[in-house]
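Here the protein sequences come in this chain order: A and B. With my numbering as the guide, the letters of the first sequence map in order to residues 1 to 219. With my numbering as the guide, the letters of the second sequence map in order to residues 1001 to 1478.
In case anyone wonders, no lab produced these hints; they're calculated from the structure. Yeah, the Cβ is synthetic: ideal placement off N, Cα and C, and Gly gets one too. One or more of the hints may lead you astray.
Stated by the list, open to error - Taking lysine to any residue and the SDA-like style, the derived pairs with C-alpha atoms no more than 20 Å apart in a straight line are:
no.: 1; chain 1: B; residue 1: 1432; chain 2: A; residue 2: 108
no.: 2; chain 1: B; residue 1: 1196; chain 2: A; residue 2: 117
no.: 3; chain 1: B; residue 1: 1432; chain 2: B; residue 2: 1420
As the list claims (entries may be wrong) - One side of the interface only, derived from the structure: several residues of chain B facing chain A at Cβ under 8 Å:
no.: 4; residue: 1119
no.: 5; residue: 1120
no.: 6; residue: 1127
no.: 7; residue: 1131
no.: 8; residue: 1134
no.: 9; residue: 1141
no.: 10; residue: 1150
no.: 11; residue: 1160
no.: 12; residue: 1200
no.: 13; residue: 1201
no.: 14; residue: 1436
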Amino acid sequence: MFRKYLILMAFLAGCDDGGSTPEGAGGAGGGADMGAGGAGGGGEFELVPSRKARVKFKGGERALGDLAVALELDRASACTELGIYDCVTQVHRIALGGVEPYELRINDPLEVIPVTAAIAADRVALVACGQRVAADFEDPQNAKVFKVLASGDATAETLGASVDALYDRILMRTPNAEEAAALVALHADVVAEEGGDGRATWAKLACFAVATTLESLFF
Amino acid sequence: MLRWMSLALALAAAPALARPVAPSAFCAAWPDATPCGAGPADCTTCHTAPPQRNLFGAQLDAQIAGARPLTDAQFLMALPAALAAVEAQDADGDGVGNREELSVGTSPSDALSKPGEGKCPESIENNGWDVCNRDLTYVFRKVHLDFCGRSPSRDALGDFKADPSEAAIEAALAACLKTEYWIGRDGAVWNLANRKIRPLASIKAGEGEGDIPLGDYFDDYAYFVYTQTGDRDAREVLTGNYFVAEVRTDKGTVYEPWNRTADAEFELRGFGPAQLVNMQRRAGMLTHRWFLMSNTMFTGVPRTTAAQAYRAFLGLDISRLEGLEPVEGEPVDYDEKGVQEAECARCHSTLDPLTYPFTRYEGIGGGTGRALPFSYNGNRHNTFVAVDGPGMADLPEAGVLFGQPVANLLEWAQVAANSDAFARATLLDYWKLLFGEAPRPEETAEFDQLWQDFKTTHEYRVERMLHALVKTEAYGVP
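Can you make the complete structure from the sequences, with help from the hints?
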């Protein structure tokens, strides 16, 4: 399953050369019917990429801070490793672009983002999303993000509403049709692999997928 | 430290590296080249990482005849003809000649970098971003992330999209410049000082004292943040004669200047963190205890201290052959370190006169006297005669910075703070923080305008400069 949602993530992130999603890298506005992931891909218009192609990694603190706000989590407990150590300020601090001048003498962020940054960013997103899903499914009446899904069955409507909520909260925009369809389709994969209704697992993975897009992690 | 000195000497001696004379000679021949806009061209004009050449550098090198290594004189003689030979050539094969690319600010060594690339979207709404013009929504979000450390709220973004304006961006920036993310401990500005201070917890004094407390670098951090914020003159980072305390309040961190004599410092804070240079001899962070302790240490001629000052505050790293301005008759070699050797003299003819004004400030010790550490001592050089040789008795306090004679460190600091190098280095710190990289060739003009404005219209106020920076095309066009 992991490989499948990696493919999904790549699709959502639209990492090919000229093909960030039309609203990608920041999502300025509406445009609901654009081809996700392909420059000039939809035939309706030709996506014009930035000549600068300059995006900056948010880094651990900004990424987790934004995600905590989006998911209504307390930042201090939004992500810990072993339930003790803060993911960003302690465990993955350097990998996620931070510094530690006093003891490690790392005075500047690493010049090249290390390969472990992607793993760390994944873990941060997965932990935070997991916390939100656990809380929402434990108390559906007071759920913050997945209220509709946690309170009912997994239908196209409830899944779609959850996708809308994730995009609205994390990327501050509505998903286009292809983005929404891709995430909704993930539910069938989850059920096929896990059995059961797959709601909670899907919710966690859908949240993870959106939270680890280029658009979410870079600016 | 010895290893670094050796490396610097080796770099200076190696004939195969980028030539110190090359950037100026290049700019003399092609003054219209964009890399020459801010002084001598950057090494990357011809090199990837010296001595490796980029495509343009390799093409140029092929036009310069003669057995390697060339002397500087041979190189300088051959360069104009070689440049003329490659002027119309196209090193990267993108269809645009080398000189044309360099004059418009694109790279002659990168086929993807060429004039007139790209086009504008027919519909900004569909495209998401206005990649051809200043995109206010993009700037609004970026200002929040860069200066507040978070994205704007959905409500704030919604309100902005409904009525986008430069005024709202100005207001957002002004508010963010007061946040803990920007000015607090371990915040964005605080961390800009890391490589200037180079802290080390194990020898910290004061709060969070280490095993061997020698100085409190929190004084340095607080001082740095103070000079960079609150509409203050940033030159005081080198010229101020006061100190600054970091005070944490319910409303956030504030920085409060203070001034005490050494005696009052002893009484209030004890010897551990006390600042011991008297007010008349202070030169901002250059005379802070931590700076003297960690750089001068036990050295009679504290070249490391001067080199760090040159690097940290003026952006010139002598170990990378930057900022070399040889002084006639130097180096004298007062401390018998062999700096007159041919492989040393090139750098030391700049570095040593740069260092003399620092020689009257005590580090941890090292001389034969019983001077107060970390203080000014006009007789300090004489206490090193027994250590470094009789020449130390003649060691002057006066030095030379940027070709300008200076009588002491206070004058050194004034010349430094008023220099173009200081303005450029200050801006470059923030530019790298905000863009994640140094200015690209096509951004050189805006960069140069900004640091020049920093010296004039912005009156050395960093916050004014930042308000101007977010208005640049470099910042505002996605």
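Hint by hint, here is what the structure shows:
1. B:1432 to A:108: Holds, at about 11 Å.
2. B:1196 to A:117: violated (27 Å)
3. B:1432 to B:1420: The given pair, whose Cα atoms are some 18 Å apart, holds under the 20 Å limit.
4. 1119: Hint on residue 1119 (chain B): holds, closest Cβ of chain A at ~6 Å, below 8 Å.
5. 1120: holds (6 Å)
6. 1127: holds (6 Å)
7. 1131: holds (5 Å)
8. 1134: The hint is violated - residue 1134 (chain B) has no Cβ within 8 Å of chain A, the shortest such distance being about 13 Å.
9. 1141: Check passed: Cβ of residue 1141 (chain B) comes within 6 Å of chain A, closer than 8 Å.
10. 1150: Holds, about 5 Å.
11. 1160: Because about 11 Å separates residue 1160 (chain B) from the closest Cβ in chain A, which is outside the 8 Å limit, the hint is violated.
12. 1200: holds (7 Å)
13. 1201: For residue 1201 (chain B), the interface hint holds, since the closest Cβ of chain A sits about 4 Å away, which is under 8 Å.
14. 1436: Cβ of residue 1436 (chain B) sits 5 Å from chain A, so the hint holds.
Against the hints set out earlier in the document, violations occur for numbers 2, 8 and 11.
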